[in-house]
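One letter stands for each residue in the lines below.
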Amino acid sequence: MLLNQFLLLAAALFAIGVYGVLARRNGVLVLMSIELILNAVNINLVAFSAVRETVDGEIFALFIIAVAAAEVGVGLAMVLLLYRNRRSIDLTEIDLLRG
Amino acid sequence: MENLLDGWGLTVATFSPMVGVAVMLLIPRDQEDRHKLVALVTSLWVALVSVLLLIEFDIGHTDRLQFAVDKVWIDVISSHYSLGIDGISLPLILLTVLIVPLCIVYSWNHFPEPHNPKAFLILILVLETGMVGTFAAQDLVLFFVFFELVLLPMFFMIAVWGGPNRRYASLKFFLFTLFGSALMLVSFLALFFLTGAESFVFTDLADAVAAHGVSRTAQLWIFGGMMLGFGIKVPMFPFHTWLPDAHTEAPTVGSVILAAVLLKLGTYGFIRIAIPILPEAAVEWAPWIGMLAVIGIIYGALSCLAQTDMKRLIAFSSVAHMGFVMLGISTLTDFGINAAVMGMVAHGLITGMLFFLAGSVKERYHTLEISRLGGLLVQAPRMGWIFGLCVMASLGLPGLAGFWGEFPAILSAYSPANGVPVETFRTFMVIAAVGTVLAAGYLLWLLQRIAFGTPPEEFADDPHITDTSREEWIAWAPMLALIVAIGVYPNLVFRLSDGAVDASLHECLTVNASELTADQAEALGCADVYNISVGDGHGGDADHAAAGG
Amino acid sequence: MTELLTLAASTATGLPLGITEGGSWLLRNAWLIPFLPGLSFVGILFFGKRMPRGGSELGVAFVGLAFVLSLLTAAAWIDHRDNFEGEEVHRAVAVAVAEHGGESAEGHADEGESAEGHVPGHPSLGVHNTVTWFEMNDVAFTVGTLVDGPAVMMLVVVTLVSLLVHVYSTEYVAGDRRYTHFFAFLSLFSASMLLLVVSENTLQLLVSWELVGVCSFVLIGHWWEEKPNSDAALKAFLTNRVGDIGLIIGVAILFFTVGSALPGQFGSFSIAETNALAGTGQLSHTALVVASCCLMAAVMSKSGQFLLHTWLPDAMAGPTPVSALIHAATMVVAGVFMIARMYGVFFEGFSIGGSSINLMALIGGITTLIGACLAFVQRDIKKVLAYSTISQLGYMVMALGVGAWTAALFHLFTHAFFKACLFLGAGSAAHAVHSFDMKSDMGGLRKVMPHTYRTFVIGSIALAGLPPLAGFWSKDEIFVGTGGWGLFGGTGGNGAYTFMLVMGVTTAALTAAYMTRCVYLTFFGEFRGHGTPHESGPRIVVPLWILAGLAIVAGFGNLPKGLPLVPESLQERFGHFVEPVASYFPGISHGTPSWSLATASTLVVLSGIAVAGWYYFVKVEAASKAAGESLTELPDGLTTKYPLARMGHTFLVQKYYLDHLYTDVIAGGTKGPVAAAAYKIDQDVIDGVVNAAGENAVKAGNLVYHRFDQLVVDGIVNNSGRASSGAGGELRKIQTGKVQDYAAILFASAMVLAGVLIVIV
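So the protein lines, in turn, are chains A, B and C.
The first sequence begins at 1 in this note's numbering and counts up one residue at a time.
The second sequence begins at 100 in this note's numbering and counts up one residue at a time.
The third sequence begins at 649 in this note's numbering and counts up one residue at a time.
Because the hints were derived from the structure by calculation, they are not lab data.
One or more of the hints may lead you astray.
Unchecked claim - EDC-like cross-link-like pairs, simulated, lysine to aspartate or glutamate; straight-line CA separation at most 16 Å:
1. B:K461 to B:D561
2. C:K1273 to C:E1174
3. C:K697 to C:D824
4. C:K1267 to C:E1277
5. C:K1386 to A:D90
6. C:K1386 to A:E93
7. B:K170 to B:E297
8. C:K1381 to A:D95
9. C:K1031 to C:D1085
10. C:K1386 to A:D95
11. B:K461 to B:D408
12. B:K461 to B:E212
Kindly produce the complete structure, drawing on both the sequences and the hints.
What follows is the structure, given as structure tokens:
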């Protein structure tokens, strides 16, 4: 069935995204990796929706795209501010919350 | 006016301080005089309302809940906004509303460091709401809320305005009491769910326990949880260690409120909640409470003898004195619990006064080290005499309030309630009586070392050491007058408390077993539980014959 | 117990208490008498400083008024005792059964009073007046007055001595740093004692008992700037508190024990009910025994009985008028009065009737002996009198212990006068020489202080008990009351207390001897102090003469029955008016006086005076002349030369040692080693125990506090806090602050949860 391929693709995308989030030190790249994760979810949603012949999944995917856009906006703004303050966007250096 | 008082009196008394707080929040911090005025007026208003309540109080029916309000509060958890007072709560409410304005007057011109009267007075007013609310609440959830409300202001008072070791002390105080409260809450919930009562209102719970019957084991556990929660607040040996630290570090006014009112929340809980709702468990626990009480009496007294700090000594004396209160409670007799109510009022006035005095000594000498003090009577004769009077009151001299808490408590231990082991309590009686000697010992020793003799060289010509000031007189005179008045005419308290205490005790506890016929005992339906021996009709006599042996 | 309920329902079979609510106005309102000094206390406290004489005038006026009132009350009582015809409101308690009910009342009436033609069933009703103090559990706790013989007698004695002490003090403490305060507490002291005397119930008794204690604390520690004074005050108060344990427990036991016999009531403090019920045999005997022992402990502390007497000599640290008041009329006799009041309980509890020894008599006997011995070795004139007080109180307790109730109270009555006279005289002498030390600062005062000298000698003779002075009559009655004098003929008494009689007679000799010594050292020889002493002013001398006069005549108040030349109407007046004839008083029997016993005791006293007089007035006087200075003892007594080794040689030279036997061994031995040893035991062992107990309590306190409280109990608390803080420290390391670490944890846990989900589903 076609669904399996979609799911495999999504899983791969998700794994890449997780790798990016955890391993990259650059803030922008981490944001982009988060986008990958979100899109992996989108693919899943659309795929399931197609199989079940409803539109729920697509609607959710649309919502996610919208939220992701906003999130990237906020995220980039934060990265920008970070850069202004610290001249660096290396996430490993930002540990003000250390207990 | 009457109707208004009937429905709203208690609510007004409880929440007026919060109105005062709201007003004070609006006033900028540097307008100190206005803050003082608002706080004083608020507390006096509360006192006035309480006095009106006293005037309207039906003395003939102290056992009845008066000025009662009962509205559904949080329907989901069947909690009611239920307030009301009877002869047990009234004296304690009056004590509270008396102490608070006196504390405000006392601190009028000398707020402890870091000053900030606004915050300090707000805390006092919040405390007042919590204290009055606890004594007026007739619903477990409401009671718990007020009970906990008291904790925070006192924590801040110690942590911010306290002595050098204030962090440790305030944290200890907070954690200790919170720990007790947690267990207490569990007990409350268990009580509610196991009985399936209609609501958290005390009477509903008591009825439910009596009607459905909770298993004996469960009752014991629930009572144990409450005992821990209330016992820590009292404080009962061995849960007392927070008290000396908290007292030593707390600012004077904090110590006074702590000693005068806060400790009573615990004993009040026993009298109002634990014993009336769970009489059977109370009978089982009584010997243990009694034992801890007398250990507390002796132990507190011995610890007092070892102290070198005046305030710490007074703090330890609280352990001993509350031991007498607990001993009275543990007898489960009308007599003993009346003594306990009296003991609570008396201890509030007397120990409150002693802490006031310790504060004034500290302010003049800048130390409370007993070995460095002396000759107070020479340098400040009036204060010395007041100190002497309070010491005498504290050691239980007849004619002053303390006696009426101590003596009836000892007396009642001779003949505890049905089902409570008699011989054990007679032993307790003797031990407690020995405690009175130790009390006289450490208190007189304290008096001798602080008030008698000649002033030590380092303070001999200190111009700061002056006699009682005007604020001190205003703050102390009512308390001293009450100590004497209650001592001479104890009926002031007993008249209020007696009926209510009688009503709060289960009939099986108070009935004179020696005069019961078998049929009557059968009708009561509690002969087995409380070991009321009937049948030959001489149970009581045998008991009394054993008295001598 | 069902019968009990029926009986309670029909109160027909009540036990009459022998008290009435009627009687004349004065008798019903005796509360005024303690009230007046109480008022004076408040008045002096608040206005004293502003008054021209510092409040002393208030004290004198109110106590004087109380005295007048007491005299009127006494007159009213004398009338009431024989002529009360009003409606006899016997207050009765309904009690179960009447196996023994009323036996004691009737028995007594038969024996004691019918002889005088007193109709049985018309007893001397005590006048009872109460108001409710407070109520608890439907029991009314009352406060009120029970006015009968002993109460009236005590009212008169206390107010009289107190009045004289007040007057005396206006001169004695004039110019004192706390003049006003002194008078305030003098008044309160009197008020408390008067309240105790009229107490109607044991609770009120307990209250006034402790008030007396605290007043003595304040007054003994009057000059609290000096540490020894405040130490003495503390010691007095604490020792009394030890006894108070007994009082509290005893009162509690009686409260409930009486309650067990009263249907529908769980307890009663009423003295009349307690005594009456104790007499009926309805109360558990065990309870009565325990209660008696407990109350006895209270008596031992308050009345300075052996084992708990050590506070009393120390209490001399207070001003002399206070000592007089404490030792003559108030504090220390409170214990004796309490026994007299609760005699029904003690009589049953100690089985006084028909016995030959009991705890009370024994303690009294021992006290009387050791007190007298100790009086020998004192240098301080007030301490001589203090030990003498202990000894005399021992007499009273012993008398009560052997059942000689009237004799004990009569001795209390006479003792109050001559002991007050002696104390005030000692104060007068000390006032003149500014010291209490007889050996170094007194001597020869008879020439400069004639009034003090004469009154002191009168007091001494009265104390020694030579006829016809007061002490003789009362002491003789005690001897008669022991009943242990078969040797001298005579009958009666409650038992055969021969042992007590021996102790009493021995003490009589000792008393005579040490008072002779005291008089010699103070008033004879040459003055050994500094300055020029002179006689005190009238406000000191007049009270002295009044008391001396009473010390002479007071004994005539209770002339023995059958004394020739005395009309019968003047015999045993004291006993007639003071001893209650009511069911709240046990049926005691009275001994018949005996000439031979009186003669023998007088001879004993005379020999005591003779031995001591010979030693001081002959030997020491001669030695003083030889030495050219005023000596206080022989320079070559037994204590200095210890003749054991040269015994054989000197045996004949010393005329068989008869001289030594009399002077050194008997007088000196009693005066020296024996008394010193007794004193040493007193100071080191008994006092040592008291002190050690105090020190060890502190040590135990320290131990408990430092080792247990701070380490164990507090340790648990601290460790639990430390444990949670440690756990927090470990957890803190996870908190790196790096977003990606958190994300890693997030993903990892998501995976774990997903795994769990898969496994479960």
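Hint check against the structure, violated hint numbers in rising order: none
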